[in-house]
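J.: Taken in sequence, the protein lines are chains B and L. Position one of the first sequence corresponds to residue 370 (the numbering used here), numbered consecutively onward. Position one of the second sequence corresponds to residue 24 (the numbering used here), numbered consecutively onward.
Because the hints were derived from the structure by calculation, they are not lab data. A quick note: this is a predicted structure, and the numbers were derived from the prediction, not measured. Each hint should be verified, as a subset may be incorrect.
In silico lysine-lysine, DSS-like type, Cα no more than 27 Å apart, as pairs [said to hold, decoys possible]:
id, chain 1, residue 1, chain 2, residue 2
1, B, Lys375, L, Lys191
2, B, Lys631, B, Lys612
3, L, Lys113, B, Lys601
4, L, Lys160, B, Lys612
5, B, Lys375, L, Lys176
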Amino acid sequence: MAAYDKEFIIRYADNELSEEERRQFEADLLTDPTLAGELSLYLELRRTLEQRLPRDAGADALRSTLEDLNKEYFTPPARRSSRVRWIAWSAAAACIVVALGIYLLPSGNEDLIDRLGRTEMVGTESRGANTDSLLQQAAAFFNQQQFDKALPLLDKAVAADSSSQLAIFYRGIAEWHTASVALARRDLIDVYNGESLMRYEAAFYIALTYAGDRNGTVTGDGKSWKVTADAKNRATALEWLDKIPAGTPVSSRANELRDKLK
Amino acid sequence: MLVHADQRYITALLENDQQLIGDIYRRFSPTIRSHIMNHRGTADDAADIFQESLIDIYNQAKHNGLRLSCPFEPFLLLVCKRKWLNELKKRGHSPVTKLSDDLSEWGEDSFAAAEIVAREEDRARVFLEQFRRLSEKCREILRLSLSGDQQEKIAVQLGVTYGYLRKKKSECMATLLSYIQAQKI
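Produce the entire structure from the sequences given, and follow the hints as far as they go.
T.: Here you go:
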């Protein structure tokens, strides 16, 4: 291949070369399939990022629809209706509760996942960033557990500043509380992969999304969660907990959850 | 190319038509569920594969203008099967079915359409995974640079010169290209 580095190829594709550089590059392109292949890969990469980096409201709405339908079509107990099946299911559920009860309900009547997942959304002022009215409005709803009302405001905050790790982090938690687990994981993984102070908190909440299944009952303050009985999800939750070092704000909660999962 | 009447299912995904998407679940999810549960999977695996396959199809329709020339059912089944085979490989299991068997069973059109979706979406996934490995600064620069906004405006927004932005963007893209090439896709 002719002696062009990647940055030169990128500058060609982005129309940043001089006329002479361009002419020479295009001449080499005609006779150098490796160079042509590298240019083609860059063009594909650029097109893909242009298409997929912006948040896609249509995909988000579709995911929400699919998640609802998944519950209906892939969760057998919810679809059973006959009396015999209901009795059988109740008996089985009772056995599971007895078997898992030791770690499902660790402190009185409080649900473990609910307790560990509880958090207050801090205002932007206390994080030392610029005051942002969208985040402050979202925090008011978030801290009253009105996650469905906090979500649209957090969406707007992220749209206004897509690099705001604070907004993405709390949107992830709000999505988790409103059962949009796939979206929650995506946001929280973004935060974990970044370099913000909240990355280990994000890892903890990702672990929670795998550790907890909604138990389907409605309590006084909304739907609650239970530790999952699914071995694969528990293993994934443990993998995420292992990413959290000692001494972070969530380390003690991570240890508690790890002990329960094991 | 003659577009198949089942293109309406693709349109339903694009428009989030809940009634027709419900129809997709009612008609096609039992087959997928049965296939996955008969090949080492659980109901949760089946749900994940079904959902992610529909999202892949949505992405191909939205970004690459996917047009169906075959019925939706074999196409969806093949997309799901391919995705499940990849998942099994990731989990360290040997594939228990061969894609080549599907070519004769389901026909060339369905097979080719499913292969395109799988290949394109696999590549896009690798691109985005490797993008997430970049530093936060690089990701911010690329995200803004590729947003379609004027580069001069973005430089002002980031508090850097236009020349620095162009140089940094090329550097970040070059790093990303190296990461992707190392994946040998």
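J.: Could you run down the list of hints and mark each one as holding or not?
T.: Results for each hint:
no.	hint	in the structure
1	B/Lys375 with L/Lys191	holds, 13 Å
2	B/Lys631 with B/Lys612	holds, 16 Å
3	L/Lys113 with B/Lys601	holds, 13 Å
4	L/Lys160 with B/Lys612	holds, 22 Å
5	B/Lys375 with L/Lys176	holds, 26 Å
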